[in-house]
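A.B. asks: With the numbering used here, the residue at position 37 of the sequence shown is 37, and numbering never jumps.
Bear in mind the hints are in silico, worked out from the structure with no lab data behind them. None of the values given here were measured: they were computed from a predicted structure. Check each hint, because a few of them may be wrong.
[What the hints assert, rightly or not] Pair ranges (Cβ atoms, derived):
hint	residue 1	residue 2	range
1	ILE57	ALA163	37 to 47 Å
2	LEU136	SER76	31 to 41 Å
3	LEU7	ALA58	24 to 34 Å
4	SER76	SER159	19 to 29 Å
5	SER159	VAL26	28 to 38 Å
6	LEU121	ILE10	30 to 40 Å
7	LYS69	GLU24	15 to 25 Å
8	ALA58	GLY167	35 to 45 Å
From the three backbone atoms N, C-alpha and C, an ideal C-beta is built for every residue, glycine too.
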Amino acid sequence: MINLIWLAMIVIGFVFAAAKGNIELVTQAAFDGAATGVTVCFGLISVLVFWMGMTKIAEDSGLLSKVAKLLGPIVSYLFPDVPKQHPAMGYILSNMSANLFGLGNAATPMGIKAMQQLQELNPDKTTASPAMCTLLALNTASITIIPTTLIAIRLNYHSANPAEIVGTTLMATAIATFAAIAADRYFRSRTPTPKAPSPPKNRLNKPIIESSSKG
């Protein structure tokens, strides 16, 4: 769906540029965008490498494991239908820990793995489970202590004080997270637990049960 949206935006841009006789501006914008992308990426690399290194130090020192243990009861409350020892819990904790430090690039693969594990627990594979909706809501709100990526972008554009947004970002993401949790609890209470689809039936309208041959 996202690919179709991007394709539609590109096609519409070309059509309007051609209609107004400014097709050369599209080519210029493409080259300018590519150059800006490279410049921004190089500006982000240094800051991200620094914070990824700090995260690795925190991991080796046991700080992240302590954060995960601290978040454990909260995650168990937010995901009551996920067994505590299930692999999904580990990925969810890692995802939330990375988001706390604004490391979106590190949080994304953990979030994807968590979704895959939650899908295995999902009785109805065609519908998102309540746990999957909760994880999506938390990732969208994502309470952040240190907005690493935003600080890197502000630093790249020569901000006088790139870290001054830490307080406001923490407040905004905290409010968003509490709102997401409240909405999630509300819709959980009004949504029935998904059930596994019924087995296929034969012409006699009876479930087809596979029986093992005896020999």
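A.B. asks: A separate judgement is required for each hint: does it hold in the structure or not?
C.D. replies: To see whether the hints hold, each was checked on the structure:
no. : hint                          : result
1   : ILE57 with ALA163: 37 to 47 Å : violated, 19 Å
2   : LEU136 with SER76: 31 to 41 Å : violated, 18 Å
3   : LEU7 with ALA58: 24 to 34 Å   : violated, 41 Å
4   : SER76 with SER159: 19 to 29 Å : violated, 40 Å
5   : SER159 with VAL26: 28 to 38 Å : holds, 31 Å
6   : LEU121 with ILE10: 30 to 40 Å : holds, 39 Å
7   : LYS69 with GLU24: 15 to 25 Å  : violated, 59 Å
8   : ALA58 with GLY167: 35 to 45 Å : violated, 22 Å
Comparing the model with each numbered hint stated earlier shows that hints 1, 2, 3, 4, 7 and 8 do not hold.
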